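What follows is the residue order along each chain.
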Amino acid sequence: MSPRTPGADLPEHPDALWRNPEPKRSYDVVIVGGGGHGLATAHYLAKNHGITDVAVLEKGWLAGGNMARNTTIIRSNYLWDESSAIYEHALKLWEGLEEDLGYPILFSQRGVLNLAHTLQDVRDSVRRVEANKLNGVDAEWLEPDEVRKVCPIVNTSTEIRYPVLGATYQPRAGIAKHDYVAWGFARRADQAGIDLVQDCEVTGFTTDGDRVTGVQTTRGTIGAGTVALCAAGHTSVLTDMLGIRVPIQSHPLQALVSELLEPVHPTVVMSNAVHVYVSQAHKGELVMGAGVDSYNGYGQRGAFHVIERQMAAAVELFPVFARAHLLRTWAGIVDTSPDASPIVGRTAYDNLYLNCGWGTGGFKATPGIGWALAHTIAHGEPHPTVAPFGLDRFVTGALVDEHGAAAVAH
Amino acid sequence: MTSPFRTPEGGRIDRATTVEFTFDGETLTGHPGDTLASALLASGRHRVATSVRLGRPRGVAAAWAEDPGGLVQIEEPFPEPMLLATTVELHDGLAAHGLPGQGRLADVPDSARYDAVHHHVDVLVVGAGPAGLAAALTAARAGARVALVDEQSEAGGSLLSGTERLDDAPALQWVAAAVAELAGHPDVLHLQRTTAFGSYDDGFVLALERRTDHLGAAAPKHVSRQRVWRIRARSIVVATGAHERPVVFADNDRPGTMLAGAARTFLHRYGVLPGREAVVFTTNDSAYDAALDLSRAGVRVQAVVDARPEGSPRRGECEHAGLRVLSGAVVTGTRGTERVTHALVAPFADGQVGASTAIGCDLLLVSGGWNPAVHLFSQARGRLRYDEVLGAFLPGEELDGLAVAGSAAGVFDLAGCLADGQRVARAALSALAVPPAADDRLPAAPAPVVPAAPVVLWRVPDTSGAEGTTSFVDLQRDATVADIVRAVGAGLRSLEHVKRYTTIGTAHDQGKTSGVLTSGIVAELLGVPVQDTGTTTFRPPYTPVAFAALAGRDRGRLFDPERVTALHEWHVAAGAVFEDVGQWKRPRYYPQPGEDMAAAVLRECAAARTGVGILDGSTLGKIDVQGPDAAVLLDRLYTNLMSSLKVGSVRYGVMCGVDGMVIDDGTVLRLAEDRFLVLTTTGGAATVLDWMEEWVQTEWPDLRVHCTSVTEQWVTFPVVGPRSRDVVGSLFPDVDVSTEAFPFMTWRDTALEGVPVRLARISFSGELAYEVYVNPWYAVAVWERLLEAGRPHGITPYGTETMHVLRAEKGYPIIGQDTDGTVTPHDLGMAWAVSKKKPDFIGKRSFTRPANADPLRKQLVGLLPVDRQTVLPEGSQIVEFRADGELPPPPVPMLGHVTSSYRSAELARPFALALVKGGRERIGDTVHVPVGGTLVPVEVTGAVLVDPEGARRDG
Ligand SMILES: Cc1cc2nc3c(=O)[nH]c(=O)nc-3n(C[C@H](O)[C@H](O)[C@H](O)COP(=O)(O)OP(=O)(O)OC[C@H]3O[C@@H](n4cnc5c(N)ncnc54)[C@H](O)[C@@H]3O)c2cc1C
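Same order as they appear, the protein sequences are chains V and E. Residue numbering for the first sequence follows numbering that gives the first Met the number 0, beginning at 0 and increasing consecutively. Residue numbering for the second sequence follows numbering that gives the first Met the number 0, beginning at 0 and increasing consecutively.
Each hint should be verified, as a subset may be incorrect.
Claimed, not checked - Cβ pair distances, simulated, as ranges:
{"no.": "1", "chain 1": "V", "residue 1": "G298", "chain 2": "E", "residue 2": "S326", "range": "30 to 40 Å"}
{"no.": "2", "chain 1": "V", "residue 1": "D144", "chain 2": "E", "residue 2": "G395", "range": "54 to 64 Å"}
{"no.": "3", "chain 1": "E", "residue 1": "R908", "chain 2": "V", "residue 2": "G298", "range": "57 to 67 Å"}
{"no.": "4", "chain 1": "V", "residue 1": "T205", "chain 2": "E", "residue 2": "A426", "range": "42 to 52 Å"}
{"no.": "5", "chain 1": "V", "residue 1": "N295", "chain 2": "E", "residue 2": "G656", "range": "17 to 27 Å"}
{"no.": "6", "chain 1": "V", "residue 1": "D8", "chain 2": "E", "residue 2": "A348", "range": "37 to 47 Å"}
Said to hold, decoys possible - Computed footprint of chain E on chain V, listed as stretches where at least three residues anywhere in the stretch have a Cβ under 8 Å from a Cβ of chain E:
{"no.": "7", "stretch": "51 to 63"}
{"no.": "8", "stretch": "301 to 311"}
{"no.": "9", "stretch": "318 to 330"}
None of these hints come from the bench; they were simulated from the model. This structure is a prediction, so every number in the text was calculated from the model and none was measured. Cβ atoms here follow ideal geometry from the backbone N, Cα and C, with glycine treated the same way.
Just chain V, with the same shape it has in the complex:
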């Protein structure tokens, strides 16, 4: 018999993941949305603050939203101080997360390349690298021949339509296995006594003056001392129920996967101008995505021309991918904000906290936002990393605009 294919296997999940409790009548803290962010928040509420009278209410199956659909790119090489702080805080947590969760989350620091194809890309890239260095985030600018050394299959020929002029490189960046991460958080939260309640959609809120007193759900009304919204693409559906306006646009974002392939792609490559980002996941499949579908909507499916365009970009950048096969496509609903930065913190309701706007790039923040949101809930004041990201910035104008920063927002 032949030996096992290297890398084709994944570590096993534990024998026990979570209970499936009936919801109680009320909780100190109710988290709406059992995605990565909701689950991580639950974990750190228990772990860092000893708060365990907590329910995570999930309308479908746990971590079945964007958490189950993302391309798992983790990096912290963002331009602005506020952004690099929030993502670097998360990256440091990622570096110890496997141990914290006691779960094999397959965090692989294989580095991320952000390719530059135009002179403006180059300027933006240098700017970001220099900013990262001054902020203590590992970053390098690579010339095309150095790009080829990091990832030999990238097409660095000068003959292509938009030749690679160089790339930014963050060696500590990488990928992890999303389900394992979510389940690791869920299991820890469950072990701490937190109730993870599935098939429980929040359909309304009960309020008293400027306080939220509970949530109405498909499994009955549940009282709440504090409510935190972690509903990603559906946030505005919830805030609408409370008359809070959030500047969120929900868009489908698609991703896709190939069959299992022998290792060819050692790192993560992202490109804005030739729009695609690709890694080769642990089992050997190529995982890739690109930009959002331009229309708004809540259906978790996108249009096929977006996939075709992304395949063209992939084959352009990686000619060896030509005969790889598309096995599956899917979509999530991402919550994009006007400045491409998250919205976290307090609301007009005293005990209601908001966490949304992560758009196409919130997986990488999972442990960081869980940590910071738990802190924010526990202290009633924003954690320093999230303080710049309050909803009020759209009134004050203190935006953290990551659009122009040339980083693909994933």
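Guided by the hints, dock chain E with the ligand onto chain V, whose structure is given.
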């Protein structure tokens, strides 16, 4: 003899021709019409692959895309990872080997061509089996535009696998007649080897046609290898048939174990005996056909093992043929190493398994019933309904414009399928208001034998002692019943969770055979109805599609349109080095022999500042804005007033987003009271037009205004420098080019030998300059005339780099380079361009936000490196001056960054533009710029470094 298992006659193969292929290094033969799988089986080879996690031998277990076993890597004619041997058509020179789980990509580029075609029809029929053919005929006869696509090499569907008769003749004769009839209808497109792999909203279906794969090395080079059909259909008939479902038992993965229907396909279609001694294990009547057909073909059928206690009415037929039928019995396991040697058979009653007996065999056929292929229906978001009797999911609702027919809808007899196809097609036609043809005859099918009810059996209890660890549910993922048991035990209730825990359904076949089994087993373990467990989501593609096929022609130079100006050939001939700006190729500089970029740019700059230069500025976006409300629209879009602009004049304007940040800038020419020519940045042209349209169409539909791109209707040549007046004046003698007659920021129309020309006094360099606009047809002629007129003055063509230097010396920002979406007009020192009079314009509201009044906002300033040497890298960050010349450890506060940086011929030193916190307050300060590990001291200056008084504008 390399094909000992080939029948002496029959099948759809071309026995007269022999092709040679290699598998795992061994040379074998087969015939055209074979698949790789059938040829391997003909050679007696069942084992094809090695399983991914456990390294177990795996073989061909089905006859088409649902096969979970026979994964191969193609090596010749071109490496292709992971295909199913059952779907690879055999051709001479094919070389392949069995896969151990991961495919291998070629390390040389794929030279094959791929393309895509759009097609529009009234009725799209997917599947050319009996239901699909009947549907296509009905639609075609009614005169509808029809497309019929089918993934096999020939039409017929399930009829290719059997011995059915229609109109008292072999059914394939009817198939041939139907195909011929369809070919006679001019509006029918019939494609074989074409898989509909995705169904989307509004009747949009994607199909992949494999055009040359079956030809191997003989494939003509000029024909695309694969083609994506993008089909828009007013109505879709999904007649995709059904996949047979296995039953799970211990060691059910051993090569030689195969779906019963597949064995019939190998026999009848390919003339192959999949074994010599067979055991047939079934839960329903369909496998009796396989048992009887194989027996007739000479296979010794050792036993028909029927899980139903009362067996089948077809028992008599079998016994008549000498076959032993064991009712109320199941297969509990297998023996063998590379291939089944025994099936373990045991009595089965009330869910209890008795003691097993080993029956020798080299082929174990299994049927657990049939799963309608509802993939396309489900991709279109059709809800599924679980059918208790069939143990399968069926379409559970009617969809607009998409109907399911035949076995895909749970109809399993031939007469029923034909009638269903016709019925569904007629319904589709009536929705399109097309009456059916008078003569729409279906062939006569024999009266169906009503089958006995099947029993729904997902798995046989494991009595092997392995506790389900060898009872494979998903062979491609090596996932077993034990894995599902563990998953459920871990607390998982949702099928999606079980899928992720066990990885079932995530492999190459996306769960074609394992999906429903998993639903059933999970429901059983949880004690809930299968309907509640449901299925996981069906997602495109139905079967894998090569990346390159989807990329189509959009590769290499065709990846993105390459836009060039009317002068492109001239630029090439002049030796220009090009820069990509958006989709445009723009000359960056024109090096003369021996010059590098720095030298060329210094020379070009000096020419423009002291003599005359000329630029091809044709890529600037141009939008013709017309209508009675044109001025109203522009007043709302620009921060400054446009309505007060006089006809004949030009004004510079800035546009902001709703957040008050600059998004584009450019000049506006008023052509008439109700007409403006708006110039945008090269990269911003499409965005600005979209922006205008978005506002006009969604917010201000009351405005009577139309916006049209005229970027390619005008070429633009700025003639720049103190000598530009002489050049322009001499070429257009009828125009008074004096400052008095033709003042700055005005335009004039004139003509050159009857060709209309527009001249505008606009300057992006601070120098006296005239922009020359002309129809692109005359671009080369006018350009050459300008050069000729300029020759006495040493006219020098210059590129974007020089343009950038000249404008930077004047402190003119490039939007997108000196701004990044966080910069207001005020930050750029352009408060003058923000109207205080207008009641409203886009962005105005945002200017009053507190952050806009922050004195520490970044402002555009100039930087002069103190050493007069260093060209600061663009993008460099700026920090406070450090007396010790050392960077402190991070985090180091940043003051801003270098947006543009050049050598200046005029200043005889490098300079830069930068966005710096409170920058205007810092003018005169020295700050530091970290460059490659050292701190470069730079002086902060105003943004305008050349001719701050603007004295040169009029020459
Ligand atoms: C295709 C794709 C690729 C991506 N790639 C990356 C990447 O490479 N790197 C990266 O960092 N990020 C990426 N992202 C973004 C990232 O996935 C999200 O930002 C992040 O997962 C959002 O946080 P979450 O995990 O909590 O969201 P989700 O997992 O979406 O969780 C929100 C949950 O709220 C639930 N919910 C909603 N409404 C209600 C209600 N009324 N009641 C109860 N529950 C409710 C939803 O069912 C859902 O489970 C990608 C996203 C997509 C879709």
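*Residue count check for the stretch 318 to 330 of chain V against chain E: does it reach three with CB-CB under 8 Å?*
holds (count 12)
*For the pair T205(V) and A426(E), does the Cβ-Cβ distance stay inside 42 to 52 Å?*
holds (49 Å)
*Is it true that R908(E) and G298(V) lie within 57 to 67 Å of each other by Cβ?*
holds (59 Å)
*Assessment of proposed distance window 54 to 64 Å (beta carbons of D144(V), G395(E))*: About 58 Å separates the Cβ atoms of D144(V) and G395(E), which means 54 to 64 Å holds.
_Closer than 8 Å Cβ to Cβ for three or more residues is the test here. Does the stretch 51 to 63 of chain V pass it with chain E?_
Contact hint for the stretch 51 to 63 of chain V vs chain E: holds, 4 residues under 8 Å.
_Within 8 Å of chain E (C-beta), three or more residues of the stretch 301 to 311 of chain V_ = holds (count 7)
*CB-CB spacing for S326(E) and G298(V) relative to the 30 to 40 Å hint*: violated (49 Å)
*Using the Cβ atoms, figure out if N295(V) sits within 17 to 27 Å of G656(E).*
Holds: the Cβ-Cβ distance is about 18 Å, inside 17 to 27 Å.
_Between the beta carbons of D8(V) and A348(E), is the distance compatible with 37 to 47 Å?_
Hint holds: Cβ distance 39 Å, inside 37 to 47 Å.
Hint compliance for this structure: hint 1 is the single one not met.
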